[in-house]
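Residue numbers (this note's numbering): 45 to 204.
All the given hints hold, so there is nothing to weed out.
Derived CB-CB ranges, DEER-like:
| hint | residue 1 | residue 2 | range |
| --- | --- | --- | --- |
| 1 | R142 | T87 | 16 to 26 Å |
| 2 | S190 | G134 | 37 to 47 Å |
| 3 | T177 | W197 | 17 to 27 Å |
Source of the hints: derived by calculation from the structure; they are not laboratory data. All C-beta atoms, glycine included, are put in the ideal place defined by N, C-alpha and C.
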Amino acid sequence: CCCAIGLAVISGVQRPTAAKPIPATVVSIGDGDTLRVREGNRTLNVRLACIDAPETSQAPHGANARSQLLALAPLASNVELSLHATDRYGRAVAELSRNGRNLNQALVASGAAFVFWQYIQGCDRQTYSRLETQARLRGLGVWSVSGGISRPWDVRASKR
45 CCCAIGLAVI SGVQRPTAAK PIPATVVSIG DGDTLRVREG NRTLNVRLAC IDAPETSQAP
105 HGANARSQLL ALAPLASNVE LSLHATDRYG RAVAELSRNG RNLNQALVAS GAAFVFWQYI
165 QGCDRQTYSR LETQARLRGL GVWSVSGGIS RPWDVRASKR
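Could you put together the complete structure from these sequences and hints?
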């Protein structure tokens, strides 16, 4: 188990049995949707739930997403994780908040990330949809290119 809460296995995917936010401290930022945090005496790898940020190779959008996450969750800052699952790589899949602000939603609202519709369960679908639509209509971030850039899930699939 990755955290100080119980996990139940449902259809092969581990899901948290308790939704109480877990306090943590940001240790490092991987890319626009992954980071490492310190929770108690352990370090957790975290994949942000409900969203998918451009891959690092998708210049300049991948670097912009990483910079945006770093600005929202600076190194050594205190954050809270609302766990959704543990992914196949052993990462905690969570919504991240800081000072009461949902950072996953903030990344979508700024156009730094897409809603990851394939994995939206457990998230506020209406809010994520509204934020993505607003970012698209305003031409923010990934939406500054008509129709948006290649979706990160398609970029990863093309490399397999």
